[in-house]
Every structure is written in structure tokens, then in C-alpha cells.
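**Q** Sequence:
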Amino acid sequence: MTGDDEQHLRRAIELATASRAAGDAPFGSILVGSDGTVLAEEHNTVLSDNDITAHPELKLARWAAATLTAAEAADTTMYTSCQPCPMCTGAIDRAGLGRVVFALSNAQLDDLKPLGGFAAAPMVGPALFDEARTAVDGYY
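Residues 40 to 179, numbered by this note's numbering, are exactly what the sequence shown covers, in order.
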């Protein structure tokens with residue numbers, strides 16, 4: 040990590056601290072362009088927006104997908120106070136962001152939670168391949 044990486048990561052942690060002070064979960068993220076310019080900042084608003092998807096990483100990925108060209112998105116770095124969850128990771132990948140730098144890992148975060156992480160819902164599948172493929176076949 041460079042000194043610039045550390046500076047941007049500290050800003051993400053500041054946003055997480057401010058989010059907690061405002062009554063939301065303590066997570067913050069920034070998106071930085073290839074020249075070091077901060078393009079956008081977000082913090083968690085899951086509680087204040089009553090929206091379980093209002094993670095800062097997801098909000099920034101959505102912003103990037105709607106605002107940046109594919110080349111611009113590929114040249115960005117997201118700095119975030121905690122490793123993105125699977126939902127956010129999927130959005131980051133779909134938005135084509137170039138790199139993610141995080142402070143806490145998901146395992147470290149789970150260790151800080153009194154009951155650990157969220158329980159995973161059981162998933163059953165794949166099933167009905169021949170029927171399901173008709174909706175997808177030829178789309179990509």
C-alpha cells in the first residue's frame with residue numbers, strides 16, 4: 040500500500056465513524072479516480088433509509104455504473120472500511136471497478152460482533168435446467 044492508499048483508507052474509516060455517530064452501521068467507502076481525485080463518498084444508511092441494501096460499497100458501485108464509462112470505472116479504486124460483503128462484491132464486479140482496498144476483513148468484522156456473522160439461508164439447486172436455460176440461452 041502507498042501513502043495515498045493509507046490516506047484514502049483513513050477517509051473511509053472517518054466516514055464509518057460518522058455513520059455510527061449518526062445512528063447507522065459503521066461502514067464508509069470512497070471511490071477514487073486514477074489521478075487520485077475522490078469521485079464519490081458514501082456511508083452506510085441501512086437503518087436511516089430502512090433499506091438492507093444501503094451499503095456504501097453498493098451505492099458507490101451503482102453510482103459508478105450509472106456515471107462512469109467502462110474505461111473510467113476500470114481505473115478506479117474503492118477504499119472501504121470493511122471488506123465488501125458478497126452482495127457488494129457482486130455489484131463492484133458488475134460495475135467494472137478496478138481495485139478495492141479495505142481495512143477490516145469480513146472475518147475480523149465477525150470477530151467483533153457478539154454473535155458472529157449472519158446465518159446463511161439454505162439454498163437448493165440447481166434444478167429444472169432445461170426449463171430455466173430457455174430464459175438465458177442466447178442472451179450473452
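Everything labelled a hint here was simulated from the structure, so no lab data went into it.
Beta carbons are placed, not taken as given, at the ideal position from N, Cα and C, and that holds for glycine.
One thing to keep in mind: the hints can contain errors.
Computed Cβ-Cβ distance ranges for the label pairs, DEER-style [said to hold, decoys possible]: (1) 165 with 72: 36 to 44 Å; (2) 76 with 126: 40 to 48 Å; (3) 144 with 113: 45 to 53 Å; (4) 77 with 174: 35 to 43 Å; (5) 76 with 109: 26 to 34 Å; (6) 41 with 175: 22 to 30 Å; (7) 45 with 171: 45 to 53 Å; (8) 40 with 150: 33 to 41 Å.
**Q** Run every hint past the structure and note whether it holds.
**A** Do the hints match the structure? See the list:
no. : hint                     : result
1   : 165 with 72: 36 to 44 Å  : holds (40 Å)
2   : 76 with 126: 40 to 48 Å  : violated (27 Å)
3   : 144 with 113: 45 to 53 Å : violated (24 Å)
4   : 77 with 174: 35 to 43 Å  : holds (40 Å)
5   : 76 with 109: 26 to 34 Å  : violated (18 Å)
6   : 41 with 175: 22 to 30 Å  : violated (42 Å)
7   : 45 with 171: 45 to 53 Å  : holds (46 Å)
8   : 40 with 150: 33 to 41 Å  : violated (22 Å)
Going down the numbered hints, you'll see the structure goes against 2, 3, 5, 6 and 8, while the others check out.
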